Amino acid sequence: MTGRFGRFLVGLPPYAWLALFFLVPFLIVLKISLSEPSAGAPPYLPLWEWDEAGNLAFHFNPANYGMLFGDDLYLSAYLNSIRIAGISTLACLALGYPAAYAIARAPLAWRQSLLLLVALPFWTSFLIRVYAWIGILKTEGMLNAVLLWAGVISEPLQILQTDLAVIIGMTYSYLPFMVLPLYATLEKMDLTLLEAAADLGCRPFKAFLAVTLPLSMPGVIAGSLLVFIPAVGEYVIPDLLGGPDTLMIGKVLWAEFFDNRDWPVASAVAIAMLVLLVAPIMIIQNARTKAEEKAEGRTGR
Amino acid sequence: MASQPAFAPWTDPQAKPLIRFEAVSKRFGDFTAVDRVSLSIHKGEIFSLLGASGCGKTTLLRMLAGFETPSEGRIFIDGIDITNVPPYERPVNMMFQSYALFPHMTVEGNIAFGLKQDRLPKDVIAERTRAVLDLVQMGKFANRKPHQLSGGQRQRVALARALAKEPKVLLLDEPLGALDKKLREATQLELVNIQDRVGVTFVMVTHDQEEAMTMSSRIGVMNAGGIQQVGTPIDIYEYPESRFVADFIGAANMFEARVAGDRDGRLVVHCPELAHDLTIDHAAPLAAGTPVTVMVRPEKVAITRDMPAEGLNWAEGVVSDIAYLGDVSIFHVRLASGHKIEALQTNRRHTDEQKLTWDDKVYLGWHPANALVLTK
Numbered sequence: 001m002t003g004r005f006g007r008f009l010v011g012l013p014p015y016a017w018l019a020l021f022f023l024v025p026f027l028i029v030l031k032i033s034l035s036e037p038s039a040g041a042p043p044y045l046p047l048w049e050w051d052e053a054g055n056l057a058f059h060f061n062p063a064n065y066g067m068l069f070g071d072d073l074y075l076s077a078y079l080n081s082i083r084i085a086g087i088s089t090l091a092c093l094a095l096g097y098p099a100a101y102a103i104a105r106a107p108l109a110w111r112q113s114l115l116l117l118v119a120l121p122f123w124t125s126f127l128i129r130v131y132a133w134i135g136i137l138k139t140e141g142m143l144n145a146v147l148l149w150a151g152v153i154s155e156p157l158q159i160l161q162t163d164l165a166v167i168i169g170m171t172y173s174y175l176p177f178m179v180l181p182l183y184a185t186l187e188k189m190d191l192t193l194l195e196a197a198a199d200l201g202c203r204p205f206k207a208f209l210a211v212t213l214p215l216s217m218p219g220v221i222a223g224s225l226l227v228f229i230p231a232v233g234e235y236v237i238p239d240l241l242g243g244p245d246t247l248m249i250g251k252v253l254w255a256e257f258f259d260n261r262d263w264p265v266a267s268a269v270a271i272a273m274l275v276l277l278v279a280p281i282m283i284i285q286n287a288r289t290k291a292e293e294k295a296e297g298r299t300g301r
Numbered sequence: 302m303a304s305q306p307a308f309a310p311w312t313d314p315q316a317k318p319l320i321r322f323e324a325v326s327k328r329f330g331d332f333t334a335v336d337r338v339s340l341s342i343h344k345g346e347i348f349s350l351l352g353a354s355g356c357g358k359t360t361l362l363r364m365l366a367g368f369e370t371p372s373e374g375r376i377f378i379d380g381i382d383i384t385n386v387p388p389y390e391r392p393v394n395m396m397f398q399s400y401a402l403f404p405h406m407t408v409e410g411n412i413a414f415g416l417k418q419d420r421l422p423k424d425v426i427a428e429r430t431r432a433v434l435d436l437v438q439m440g441k442f443a444n445r446k447p448h449q450l451s452g453g454q455r456q457r458v459a460l461a462r463a464l465a466k467e468p469k470v471l472l473l474d475e476p477l478g479a480l481d482k483k484l485r486e487a488t489q490l491e492l493v494n495i496q497d498r499v500g501v502t503f504v505m506v507t508h509d510q511e512e513a514m515t516m517s518s519r520i521g522v523m524n525a526g527g528i529q530q531v532g533t534p535i536d537i538y539e540y541p542e543s544r545f546v547a548d549f550i551g552a553a554n555m556f557e558a559r560v561a562g563d564r565d566g567r568l569v570v571h572c573p574e575l576a577h578d579l580t581i582d583h584a585a586p587l588a589a590g591t592p593v594t595v596m597v598r599p600e601k602v603a604i605t606r607d608m609p610a611e612g613l614n615w616a617e618g619v620v621s622d623i624a625y626l627g628d629v630s631i632f633h634v635r636l637a638s639g640h641k642i643e644a645l646q647t648n649r650r651h652t653d654e655q656k657l658t659w660d661d662k663v664y665l666g667w668h669p670a671n672a673l674v675l676t677k
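Note that the protein sequences, when read in sequence, are chains A and B. Residues in the first sequence are numbered consecutively from 1, following the working numbering. Residues in the second sequence are numbered consecutively from 302, following the working numbering.
Some hints could be false.
As the list claims (entries may be wrong) - Which residues of chain A face chain B? A partial, calculated answer using Cβ under 10 angstroms:
#: 1; residue: Glu195
#: 2; residue: Ala207
#: 3; residue: Leu209
#: 4; residue: Pro214
To be verified - Sample of chain B residues with no beta-carbon within 10 angstroms of chain A, all distances over it, derived:
#: 5; residue: Gly440
#: 6; residue: Leu587
#: 7; residue: Ile623
Simulated from the structure, these hints should not be mistaken for lab results. In this text the structure is predicted, and so the values were computed from the model without any measurement. Virtual Cβ for every residue (Gly too), placed ideally from N, Cα, C.
Make the full structure from the sequences, and use the hints.
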């Protein structure tokens with residue numbers, strides 16, 4: 001009994017924290033998304049109120065959600081966000097997998113230092129690091145200077161203020177989130193499995209495809225989700241590196257909240273993003289965890 | 302079995318060994334794991350490399366599998382130098398100590414894996430997979446994943462996977478190490494039966510003497526990177542060539558002694574710890590004064606209350622310890638010199654009228670044929 005109670009106590013603070021600062025705000029946003037906009041402060045009408053006769057009156061306004069489907073802007077912002085986040089995730093995977101593999105197979109004495117290098121960018125502010133990319137990507141920036149000097153191009157490229165710049169910025173920013181879970185799965189892999197594959201006549205590259213890659217799928221999925229989910233809603237990177245026509249849902253949200261001061265529509269955009277993206281991903285993740293627990297439960301005992 | 306000619310190709314000088322190590326050494330940095338080992342293993346053998354951990358037996362096996370490259374020396378299989386052939390091109394398969402089954406594949410997938418590498422037709426793969434699964438009696442479990450199997454079942458799958466490619470040599474790294482004692486004993490004999498049926502040469506690494514003795518056609522006893530002695534289980538146990546092997550295999554009573562001379566074609570040695578000189582059969586002639594070790598196995602020592610009427614080798618002492626093991630009892634007898642001798646007695650009856658107990662005065666005796674002189 002005390003053990004159970006102790007576990008409950010230990011679990012309480014994080015859950016209380018999440019309930020207070022995630023669940024409650026989420027419910028507030030949900031509430032706002034269903035209310036009518038108004039010119040006052042706050043810029044929306046209450047969802048329910050007591051009229052003079054003492055009756056409870058509701059003012060639902062589902063039109064905010066209807067608007068999301070009515071206006072192309074929102075749909076194309078969603079799709080473009082998914083596209084950019086998807087490409088960035090693939091780029092992170094392409095760069096992060098070899099890096100994680102190399103670290104996991106490096107001599108034990110080196111691994112900690114190499115991992116530290118992966119995490120090193122976190123020691124500088126995210127904002128400053130994204131700003132630094134402006135200096136690299138702009139027309140008269142370092143990247144163009146190097147490419148011109150090397151003779152690869154004859155005229156500076158317009159990279160900044162394009163989707164490409166956003167993808168580069170996201171890939172750079174989220175790469176550690178890909179490398180760390182991949183490293184964790186690759187590092188704990190039993191290397192005698194590769195010896196067994198070789199013993200059974202499998203060449204090293206084929207053994208990678210047949211054994212290492214499938215066994216690292218949990219890391220691939222975890223890393224991809226860690227990159228993809230925040231990338232979809234990313235605001236700072238498209239705002240700083242993207243152009244005026246870089247349409248992403250984070251920017252639309254910002255515009256609705258602060259430029260249009262249409263809180264109900266902005267809230268509806270936020271809720272729709274959550275439902276469309278995060279909910280299916282969470283369901284998949286949950287199913288995977290359960291399957292893994294089942295598998296481990298059988299071997300463990 | 303008795304009517305069949307004994308299987309002993311190693312005694313035939315014309316026979317060509319299947320596996321040959323020629324002065325193979327392996328160094329890791331400053332550490333020499335395997336030190337100039339030369340060894341021949343014949344087709345159809347179950348050859349065990351036996352030794353304590355760190356003696357180099359696993360490194361030797363891994364060099365045969367191709368996971369390690371010798372620092373010096375050559376390795377031949379069927380007359381072909383395979384020293385630098387990568388593991389995926391060698392005609393050998395290994396059963397790993399941890400089994401190393403692919404966790405993301407079914408039992409069937411694991412077994413078919415090696416066959417698929419050879420690009421065999423699908424129906425051949427299916428047929429062979431089925432055949433080896435039946436061989437190890439795992440046919441019912443073809444669609445299970447490794448984590449859904451017990452340790453003994455995984456061991457069978459690992460064996461089936463290694464046999465599926467019909468290798469010239471099957472390597473077994475502590476094949477039964479992960480099984481509990483009862484299952485291990487049953488599996489030992491089953492492995493031998495399977496080997497008999499498929500006719501594949503087994504090379505096995507083990508630290509378990511009983512396992513090596515039960516299963517092997519020959520045993521190579523290893524110590525500190527070198528092979529100490531190669532021989533049949535009987536050779537190794539009854540005729541060890543060195544103090545190390547005598548001491549390592551089974552229990553042994555050892556006496557430090559000096560050669561006193563020859564009498565009636567038998568060697569007579571003087572041992573300061575014993576009151577009487579010892580007489581030993583079958584000894585090569587040795588010059589008087591040569592220091593030797595005399596070895597007698599405990600089960601060859603007779604223990605009696607009365608002084609032996611006639612006997613060449615005897616000693617008297619006091620029972621200081623009795624280890625009762627159920628089937629046998631081991632008596633530790635302290636001599637006047639303080640030296641202890643172990644004698645083993647089979648407990649043939651429920652009770653023994655003459656039951657020996659602590660502090661009883663007893664006589665120990667053994668036949669000259671049952672002692673051995675060791676000079677190494």
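Holds or violated: is the Cβ of isoleucine 623 of chain B farther than 10 angstroms from all Cβ atoms of chain A?
-> holds, 41 angstroms
Assertion that leucine 587 of chain B lies outside the chain A interface [Cβ separation over 10 angstroms] = holds, 49 angstroms
Regarding the hint that glutamate 195 of chain A lies at the interface with chain B, is the smallest CB-CB distance below 10 angstroms?
-> Holds, about 6 angstroms.
Return the status of the interface hint for leucine 209 of chain A: holds when the least beta-carbon distance to chain B is below 10 angstroms, violated otherwise.
-> Cβ of leucine 209 of chain A sits 12 angstroms from chain B, so the hint is violated.
Minimum beta-carbon distance criterion (10 angstroms), proline 214 of chain A to chain B = Interface hint status for proline 214 of chain A: holds (5 angstroms vs cutoff 10 angstroms).
Hinted contact alanine 207 of chain A with chain B - closest CB pair below 10 angstroms | It holds, given that the least Cβ distance between alanine 207 of chain A and chain B is near 8 angstroms, below 10 angstroms.
Would the least Cβ to Cβ distance between glycine 440 of chain B and chain A come out above 10 angstroms?
-> For glycine 440 of chain B, whose nearest Cβ neighbour in chain A is about 21 angstroms away, the distance exceeds 10 angstroms, so it holds.
In summary, the structure is inconsistent with hint 3 from the numbered list given earlier, while agreeing with all the others.
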